[in-house]
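K.L.:
Just need the whole structure built from these sequences, with the hints factored in.
This is what each chain is made of:
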Amino acid sequence: MNELLERIITLLKKAYSGTITPDEQRELERFLENKRLRAVYDELTKHELLREGIETERLFPYRRAFAVFRRRARRRRVAVRRLVVAASVGLLLATSSYLYLARAGGEEPRAVESPVIPPGRARASIRLASGETVAVSADTLLRVEERGGTSITYEEGKIVYRGEAASGEPVMNELTVPPGGECRVVFDDGTVAWVNADSKLTYPVLFTGGERVVHLEGEAYFEVKQEKRPFIVRARLGAITATGTEFAVRVYREEAMAATLVSGRVRYTGFATEDLAPGEQVVISPSGETAKNKVDIQEHVGWKEGLFVFHRRSLESIMKELARWYECTVSYEREELKALPFSGHLKRYDNINAFLELLRATGEVDYTIHDRHVLLR
Amino acid sequence: MDYLAALNRKEMKAWEFFYRDYYSSLCSRVFRVVKDRDCAEDIVQETLINIWHSTRAFHTEGDLLNYLYKAVHVNSLQHLRTRNLHDAHLARLQQESATTGEELSSLVREELVRQLHAVIRELPPRRRQILQLSLEGLSGKEIAERLGVTIHTVKTQKSLAFTYLRDRLGDLSLLLYLCFPVKIW
Chain L
1 MNELLERIIT LLKKAYSGTI TPDEQRELER FLENKRLRAV YDELTKHELL
51 REGIETERLF PYRRAFAVFR RRARRRRVAV RRLVVAASVG LLLATSSYLY
101 LARAGGEEPR AVESPVIPPG RARASIRLAS GETVAVSADT LLRVEERGGT
151 SITYEEGKIV YRGEAASGEP VMNELTVPPG GECRVVFDDG TVAWVNADSK
201 LTYPVLFTGG ERVVHLEGEA YFEVKQEKRP FIVRARLGAI TATGTEFAVR
251 VYREEAMAAT LVSGRVRYTG FATEDLAPGE QVVISPSGET AKNKVDIQEH
301 VGWKEGLFVF HRRSLESIMK ELARWYECTV SYEREELKAL PFSGHLKRYD
351 NINAFLELLR ATGEVDYTIH DRHVLLR
Chain U
378 MDYLAALNRK EMKAWEFFYR DYYSSLCSRV FRVVKDRDCA EDIVQETLIN
428 IWHSTRAFHT EGDLLNYLYK AVHVNSLQHL RTRNLHDAHL ARLQQESATT
478 GEELSSLVRE ELVRQLHAVI RELPPRRRQI LQLSLEGLSG KEIAERLGVT
528 IHTVKTQKSL AFTYLRDRLG DLSLLLYLCF PVKIW
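Chain order of the listed sequences is L and U. Heads up: the first sequence at position 326 corresponds to 326 in the numbering used here, and the numbers run straight through without jumps. Heads up: the second sequence at position 32 corresponds to 409 in the numbering used here, and the numbers run straight through without jumps.
Here are the simulated SDA-like pairs of lysine to any residue, each with C-alpha atoms no more than 20 Å apart in a straight line:
(1) Lys-320(L) x Ala-256(L)
(2) Lys-532(U) x Gly-517(U)
(3) Lys-46(L) x His-494(U)
(4) Lys-14(L) x Asp-548(U)
(5) Lys-387(U) x Val-68(L)
(6) Lys-390(U) x Ala-65(L)
(7) Lys-535(U) x Glu-55(L)
(8) Lys-35(L) x Glu-480(U)
(9) Lys-14(L) x Ser-536(U)
(10) Lys-46(L) x Arg-543(U)
(11) Lys-46(L) x Phe-539(U)
(12) Lys-387(U) x Arg-72(L)
(13) Lys-304(L) x Glu-223(L)
(14) Lys-14(L) x Phe-539(U)
(15) Lys-532(U) x Arg-51(L)
(16) Lys-14(L) x Arg-545(U)
(17) Lys-412(U) x Ala-65(L)
(18) Lys-387(U) x Arg-70(L)
(19) Lys-294(L) x Thr-273(L)
(20) Lys-46(L) x Thr-540(U)
(21) Lys-46(L) x Ser-482(U)
(22) Lys-46(L) x Gly-547(U)
(23) Lys-46(L) x Leu-510(U)
(24) Lys-387(U) x Arg-71(L)
(25) Lys-387(U) x Arg-74(L)
(26) Lys-535(U) x Tyr-16(L)
(27) Lys-390(U) x Arg-74(L)
(28) Lys-14(L) x Asp-544(U)
(29) Lys-518(U) x Gln-506(U)
(30) Lys-46(L) x Gly-514(U)
(31) Lys-387(U) x Ala-67(L)
(32) Lys-412(U) x Arg-58(L)
(33) Lys-46(L) x Leu-542(U)
(34) Lys-14(L) x Gly-547(U)
(35) Lys-412(U) x Pro-61(L)
(36) Lys-518(U) x Thr-533(U)
(37) Lys-14(L) x Tyr-541(U)
Hints are computed from structural coordinates only; laboratory data are not their basis.
P.N.:
Given below as structure tokens:
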């Protein structure tokens, strides 16, 4: 768009100064087929734009304004009015009305007016085979022994299972990550799972048998250790079978299921059978309709790297996801707000306020926070 | 670019030039939205002083202008919101600012006005004055009378003014312009 504008202006200037070549003239004529551009051209040649330039200067003389500016600039730095938001997030209103992108960089001191809702953090709880529940969080030191001798440790932000191959009934553990939480698990085979907020992963502490099976409700990213035995994620709407791959599965209650493949190969089975290639995603609606698409991986696995990424997603859908991570509730004063599409990315570890500030800066949505409840208006 | 570096370093002289080149154009842009001259100037001043006070540095003039135009636009709409203008007005505004052919032409227009005006400023005072009076619709005779010069002088100066304008505008290295960035991220 920039280039288009530049080109048109250049051509007009050349025409005005009489330095336009025949080819350029032809190009300009094409542009001038646009009635409004032709009107501008006429104004240019009739000197109306010149007149306006003089008029504008008269209306808004710069010298006086600059004098004021200089005075204020020299004054001690005062609390700056919260006008333009610069934050470590980026946000665009994805309709064609107007777009606002904030880039990382300038930090403007701002009086915090709303209560802050901080991001989630590493925490989860494991229900052992005995039924006993152990909680883990960033500052927990954990070393537990499960039935059969498998050790469970919590180190460097991940739960690690280590055990000797055994026979008998598989010992099941259930990892529950609450809203506002996240957790990493390393299974005894070396497979790593990143589990997102409001999720539950059920698995044997040791993978015995010819298959490695886990059960997921919620959202998780798997980095499967290459092995002969297939790694299977079972969920409400189907199963994902993989051998040595990286993929994400999302299957929250009452929502569609989605499996996104980053590398390797996986197969979805359930309502249908679909093989995925890297960069592809299979979506299964709650009623069983299946679809396979090519997607922007970052949108679906970005969270694992600490980044929410969304592309033309409805505000409602974005807020639903944020509500899980920030452990808050959301309501809308106007129904129309829900459907507003946005594109952008934000750091997971920022307060939700950073995101809401950007929303506010677009001029489309305002917000108030009260007691971990966000009202959008 | 030296000029940009000076702006980033918060050198007052550079900022003065910046004001000279962009202030009235920014104000008229805001004025179109808020329809109030004092408000328009307030908003532009606030935005500029914020930039001054921030630690933000711009790598290219394009970056600076991008940021500036966005910030000013956002702040204008923000202002309208706080003035609680009727939703319909806001909605209409947002329609207008869509990148349709309409918006493109007004951006083209605005930038041309700005550049023309920048060039006019370069004229020697007398020549500029004669040009201005002529644009206001005064005849050669009237201008000559008002300024106490001969009609011949008026004609010459006018001609020189327009020649200068044309030459300067034809010199395409003239001034950076910027448009409202439409980046689909």
